[in-house]
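The hints should help you fit chain V onto chain C, whose structure is shown.
For the record, the sequence lines run as chains C and V. Per my numbering, the very first residue in the first sequence carries number 1; after that it's consecutive. Per my numbering, the very first residue in the second sequence carries number 1; after that it's consecutive.
These aren't lab readings, by the way, just hints derived from the structure by calculation. Cβ coordinates follow ideal geometry from the N, Cα and C atoms, glycine included. There's no promise every hint is true.
Here are some chain C residues pointing at chain V (derived, C-beta under 8 Å) [claimed, not checked]: (1) S25; (2) T40; (3) R48; (4) C52; (5) H58; (6) M81; (7) R84.
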Amino acid sequence: MADELERPITLSFDGGPIPAFVGDSVGAALARAGVRSWRTTRRTGRPRGLFCGIGICHDCLLTVDGSPNQRACLVPAVDGMELRSGTWAEHGGSGGSPPGLTQRVADD
Amino acid sequence: MTETLRTRLAVVGAGPAGLAAATTAARAGLSVVLVDAGEQPGGQYWRHRPSSTGRNEHRAYHDWRTFLRLASELDGLRDGGRVHYLPATQVWFLDPPSRPGQPHVLRLSPVHGDAATRPNPVEADALVLCPGGYDRQLPVPGWDLPGVMAAGGVQALLKGHGVAAGRRAIVAGTGPFLLPVATGLAAAGVEVVSICEAGAPSAWLRRPAGLVAAPSKLVEGAGYAAVLLRRRIRYRPRTAILRIHGRDAVEAVTITRVDRQGRPVAGTERRLTVDLVALGWGFTPSLELIIAAGAETRVDLDGSLVATVDDWQRSSRPGVYVAGEATGVGGARLAVLEGELAALTAADDAGLPSMPGRTKRLRRTIRRARAFARAMHLAHPVPPAWSAWLDDETTVCRCEEVTVGDIRQARDELGADDQRTVKLLARPGMGWCQGRVCGYATACLAAASRRVLDAADLRPLAARPLAAPVSLGDLADLAGGSA
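Here chain C stands alone, though its shape is the one from the complex (with noise of 0.2 Å):
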């Protein structure tokens, strides 16, 4: 498992490959190769990269293998990972967990 640790792998950002090694964050992946922002906010349009950086702020958010809205802080680089960038009404409207719903029933 050491051994495993460390090892060089490569994701796929936007179509384009970003060198990692297997225990890095998608975050510190992307991070390390200098990329700084990776979606746009829903009202301004804004760039967005990490923040926190612990998976409290939600400003990372990206797709990870056709999966949207994930913390990009949070998820574990794996060799071959396909990562997309994106804006907010592609993040919140297209499939999986819908956040405007989820947030009401928080708040009431």
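Just chain V, lined up with the frame of chain C:
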């Protein structure tokens, strides 16, 4: 029907407090389920590269040997079937017992990946909650630009992955945590142009009682001073970031001297080119599970909402114990002691043999460490006039993109003077993070300068019936009960 995992004790969190609690409780004879959001034990404080557990590269981290001891104990207890450890798992709902004798139910979901593969719920006679905390944030113009990060996030990338998030950094806010972040960056080859500390470190010296109580901490402080000098990191007390500049990412910051209240001192502005800004204003403990358990809370010296516990780590709810930052921010060493004490109390309350000698020693050490934490909180307050840095366009709620102007309008024109009403009118804290990042700032802005924040201001924004975002399927299951 969903299967459940039945246990005498569930420990939530595998940071310093949770690791100590889980291992102590299991050794005392309780069956233990340990639930943790992390991929590996250690929490935020002992975050490390997965391959480095057996190496020496973390020797510089304080209490690393304590971590190695607890992690190896956990391994042994897992192998012996005495601790059921669930990493990368979050509690999204806590069902308190409906009547005495009933178990607490923890509903779980995976931290990442397919939400459909849900771990079984845990039913526990007792809970030790060790949720830890995260950096407290104050908004500043431009803080939503990529390249601006929570100080803890910068540290997490460094400790967990060996990644420096920029090349030229500034570290700003208040509190002793800014020091390891700055020196960690410098050690990784990042040029750290300044540490901006809004407080004055000399304030430590005015409260010697707390320092004398924890002499090793003083040595730690002196150690940082030497590193700052060697790394040529400029430490600027009574200084804050006034604005962060950039188009699509951080390009520069404007810093300013501030007075004791945090008001900018005219004519002291200075612009520095950076590509990384690390911000931290102390810590916010995670209180949602404590509130969901129905336990009482109070406002601590640092302005954070924390769990009320007795001298044995019991919360106000029978069978619910709390340890670590959630009882008051005090650092890893204190958290380990509290975790151990909470577990011994839980074992004692469950009728297992008590350890009065050990308990007494723990309580004495905890009292000393608390005195030190109090001195730190008094030396590093959130400056009362911090909102003087804001303009109406400054984003407060990053998720819903609510600005200072939106909040001021709700407050001044629509008459909302508490956080809850402001939230309903202007929507801060209603996005993905549920107010974890902007909650403190929103409460301050809602209350304006009219009064000091109390628990009634803070509790509504720490209460999150759903402790993590979940799918409709999870909610449907909840609505259907265990039928």
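Okay, the hints, checked on the actual structure:
A distance limit of 8 Å between C-beta atoms decides the matter here; for S25 of chain C the minimum to chain V is near 7 Å, and the interface restraint holds. Given the 8 Å rule on beta carbons, the hint for T40 of chain C is violated: about 10 Å separates it from the nearest Cβ of chain V. Proximity of R48 of chain C to chain V holds as hinted, the smallest CB-CB distance being about 7 Å (cut-off 8 Å). Interface hint at C52 of chain C: satisfied, since its Cβ lies 5 Å from the closest Cβ of chain V, which is below the 8 Å cut-off.
Because the smallest distance between the Cβ of H58 of chain C and any Cβ of chain V comes to about 3 Å, under 8 Å, the interface hint for this residue holds. The interface hint given for M81 of chain C is broken, as the beta carbon of that residue sits about 11 Å from the closest beta carbon of chain V, more than 8 Å. Among the interface hints, the one on R84 of chain C is violated; its C-beta lies about 15 Å from the nearest C-beta in chain V, farther than the 8 Å criterion.
Going down the numbered hints, you'll see the structure goes against 2, 6, 7, while the others check out.
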